[in-house]
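Those sequence lines, one after another, are chains A and B.
Under UniProt numbering, the first residue of the first sequence is numbered 1, with each subsequent residue one higher.
Under UniProt numbering, the first residue of the second sequence is numbered 1, with each subsequent residue one higher.
Think of the hints as simulated: they come from the structure by calculation, not from any bench.
Among the hints, erroneous ones may be present.
[As the list claims (entries may be wrong)] Under the rule of at most 20 angstroms between Cα atoms (straight-line distance), these lysine to any residue pairs were calculated in the SDA-like manner:
#1 Lys86(A) <-> Lys158(A)
#2 Lys158(A) <-> Ile210(B)
#3 Lys156(B) <-> Ala307(A)
#4 Lys139(B) <-> Ile26(A)
#5 Lys195(B) <-> Ile226(B)
#6 Lys291(B) <-> Leu424(B)
#7 Lys102(B) <-> Phe93(A)
#8 Lys102(B) <-> Ile26(A)
#9 Lys306(A) <-> Gln162(B)
#10 Lys346(B) <-> Gln334(B)
#11 Lys158(A) <-> Phe251(B)
#12 Lys117(A) <-> Asn100(B)
#13 Lys402(B) <-> Gly430(B)
#14 Lys217(B) <-> Ile165(B)
#15 Lys215(A) <-> Glu257(A)
#16 Lys209(A) <-> Pro124(B)
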Amino acid sequence: MVVIDGTSENDQIILATGGYDHTIKIWQTHTGICQRTMQHAESQINALEITPDKLCLAASGYQHLRMYDLASNNPNPTINYEGMTKNVTGVGFQEDGKWMYTGSEDCSARIWDYRLKSPHAAKIFQTSSPVTCVCLHPNQVELLVGDQSGVIHLWDLKTDHNEQFIPEGDTMILDIDIDSEGTHMAAVNSKGRCYIWSLTFGREGEPTKMHPKHKFDAHKCQALKCRFSPDATLLVTTSADQTARIWKTCDFSLLQELTQDNQRWVWDAVFSSDSQYIFTASSDGCAKLWNVKSGHMEREYAGHQKAVIALAFRDAVA
Amino acid sequence: MALYNNKLWLLSHIRDSFISTDDTGMSELVMVGDEVPKQLADKLDCYRDPEDSEDDEDISQESYDFHLDMDFEVQRQRSNTAVRLEKLDNAKKRAAKVKNIKWEFCSVPPSEQELTDLFVRKEPRKNVLSTKKSLLSEKLEQCTNLPQNPYIEYAKFDGSAQVGILTRKYKIFLTMLPEEHRNYPMTVSCIATAKIEELIGFILLKCSTIHGDFPLKPVSHYGLYITEEDGEVDHDFPNLDPKESVAKFGFTCLGLVEHKQITKNVSFESSQTMIQIDGTQQITANMHLMKVHTTAMEAPLYQSYRVYIVNKMRAKAEIQLGISGEKIEIDPLQQKNSKFTFVRQKPVSHHIDSVAWCEVTDTKSSGTAFRVVYSSSFGGNTANANVASTQSPILQTSTSFKHYDFEADHNTAEEIVQKINLILELRSSGSRKEYLASKERKQRRRSFHSNK
């Protein structure tokens with residue numbers, strides 16, 4: 001059982017934010033009160049992820065990935081993962097917590113034996129261009145790696161076989177996501193365009209087949225994140241155009257535009273487990289909670305001194 | 001009590017006590033890393049009471065020392081070097097606590113078994129489309145009617161755990177709270193660029209999250225006052241200007257006070273004008289003092305005034321009154337307008353040491369009357385007067401002292417009285433002492449009679 005700051009009622013919900021002010025904040029979601037602030041002194045935070053056991057928070061920064069203890073009040077990291085030579089742009093975990101994956105601007109994606117239990121888990125995948133995003137297929141054996149040259153690599157962790165997809169040449173891929181059913185993949189690029197593929201399972205040992213399905217201009221300029229809702233009916237894209245947009249996956253029509261005056265770049269977004277709410281992180285130093293149906297902002301999480309870049313959220317079933 | 005029966009907790013507490021009381025940090029460096037309590041946990045399992053086991057799940061086996069919030073850090077003034085050394089030391093300690101894991105790539109290829117264990121192909125869940133409500137939604141629905149904390153906008157001034165920006169730490173006494181919460185200050189850290197009103201808002205936010213049920217009013221209802229370390233608010237100073245940056249004030253101990261009415265405050269401008277006011281006041285005071293000194297110094301210098309002398313019949317005659325440190329002279333002036341002079345005033349001169357007293361006797365719109373008392377027995381009669389005073393003070397008083405009554409316009413009268421008194425004070429003649437003594441005796445007798 002995770003206990004954050006002694007508020008046992010809230011212990012199943014964790015919202016963490018981080019960004020350019022070198023701090024990570026943990027929030028009480030329904031009140032908007034900051035429960036805890038952790039220090040990430042050496043660099044900005046590029047990405048945040050909560051371990052599957054909800055005990056730790058991983059924060060990726062420049063050259064390092066740091067692990068924070070969620071169960072204690074320690075404001076400092078407990079583990080420091082090093083060996084990457086540039087920004088660590090993405091982090092995630094195998095669903096049972098067997099290993100961790102990272103993407104880095106040093107042109108690599110790595111699989112980490114982060115608990116030091118199975119040294120053979122460590123793997124590295126080199127790309128020709130800095131890695132901007134990493135996404136694990138729900139089948140838990142294929143890692144999608146996006147890079148600055150506009151290539152999406154499909155890396156099979158079991159066989160080390162890899163395939164490349166180039167939706168638009170020389171246009172930086174900024175984020176990739178696959179829905180929980182593993183039937184659709186979305187990717188956004190620096191021109192604000194969103195690409196959709198439908199996926200079909202490869203039989204045992206064979207890679208997933210990707211079929212281009214749709215492409216649309218999601219934003220006027222650079223799109224930063226894309227994420228499917230847990231029920232796979234919605235897709236959210238965030239952008240430098242100061243908006244986050246929610247699209248229906250049935251026809252990719254716009255459902256909501258989440259925007260607020262002066263919120264500046266919207267860097268990250270994440271749905272609640274029932275797809276009813278969405279959190280966004282923006283350069284105005286705030287994280288915000290929006291009602292998907294109404295498009296209204298319901299809560300604001302203020303406290304960061306600079307842009308909020310990354311969100312990590314764990315919900316639970318009531 | 002469960003804690004004290006818990007051997008693991010006790011062990012942890014002893015370790016923490018070592019670490020927290022050892023300023024050198026050595027014990028911590030020695031002990032860090034080896035998770036003795038956890039290692040012993042299994043061994044000690046047999047000692048654990050079965051009924052305790054449930055408590056142990058809830059209670060962390062770390063003692064409270066390590067749960068202490070950063071809020072309780074002891075603050076004291078230290079030299080820069082000490083602070084820097086401590087920072088280095090802390091960084092070292094922090095580094096010692098962080099486990100470093102370097103990227104390592106195993107050159108030995110994993111076995112087939114390991115591969116199958118690690119990279120298991122899973123079937124993605126189907127029909128995720130569920131109607132189950134999330135805990136977040138439930139919580140939000142539960143508190144839709146809950147008013148949002150009115151101070152939430154001040155959250156961004158939080159200075160705790162900030163990296164690389166200037167912050168200010170304060171001990172805040174919350175005077176509006178019930179007695180039991182008032183005794184200890186709340187440590188508040190805010191960013192140095194915040195204004196006083198924003199600091200107040202942030203204090204109220206923090207206060208409202210800790211003392212949830214206490215009604216708190218808008219930020220403008222409160223003021224921050226300079227406060228003693230023991231929490232005594234210094235009301236001699238007005239509250240800090242809400243519009244000013246916190247960085248402009250150097251006080252670390254402040255009291256949050258609810259205003260009963262709108263009060264003035266210490267702003268930087270007003271404190272400057274206060275200084276200015278003080279300055280001008282000081283100058284005025286100095287000028288006044290200089291004037292007094294000059295008057296006192298000039299008092300013995302000869303000065304003549306045109307005043308009226310008033311006789312017992314209330315008849316007036318204009319005379320010239322000359323005053324110096326030596327003597328007082330009365331010279332009659334030629335009466336121009338009247339043929340008849342009711343008062344015949346001979347020119348007289350009294351040695352200043354014969355003059356005993358001078359006072360304003362009456363202030364009318366037409367002019368101010370003043371009296372000069374002199375000793376008629378001054379000079380050769382001094383010895384006799386002394387004898388007389390010992391024998392019969394009443395007689396002596398009635399015979400020795402006479403007076404002149406004058407009248408002049410208010411300013412002149414004031415000036416003359418002041419001048420004469422200054423001279424008298426300087427000289428402090430025998431006549432004056434005598435007169436004062438007799439006056440005192442009279443007063444005593446009067447009170448004696450009235451007491452009868």
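Hints, one by one, checked against the model:
no., hint, result
1, Lys86(A) <-> Lys158(A), "26 angstroms, violated"
2, Lys158(A) <-> Ile210(B), "52 angstroms, violated"
3, Lys156(B) <-> Ala307(A), "12 angstroms, holds"
4, Lys139(B) <-> Ile26(A), "17 angstroms, holds"
5, Lys195(B) <-> Ile226(B), "16 angstroms, holds"
6, Lys291(B) <-> Leu424(B), "19 angstroms, holds"
7, Lys102(B) <-> Phe93(A), "18 angstroms, holds"
8, Lys102(B) <-> Ile26(A), "27 angstroms, violated"
9, Lys306(A) <-> Gln162(B), "11 angstroms, holds"
10, Lys346(B) <-> Gln334(B), "12 angstroms, holds"
11, Lys158(A) <-> Phe251(B), "63 angstroms, violated"
12, Lys117(A) <-> Asn100(B), "15 angstroms, holds"
13, Lys402(B) <-> Gly430(B), "15 angstroms, holds"
14, Lys217(B) <-> Ile165(B), "30 angstroms, violated"
15, Lys215(A) <-> Glu257(A), "19 angstroms, holds"
16, Lys209(A) <-> Pro124(B), "15 angstroms, holds"
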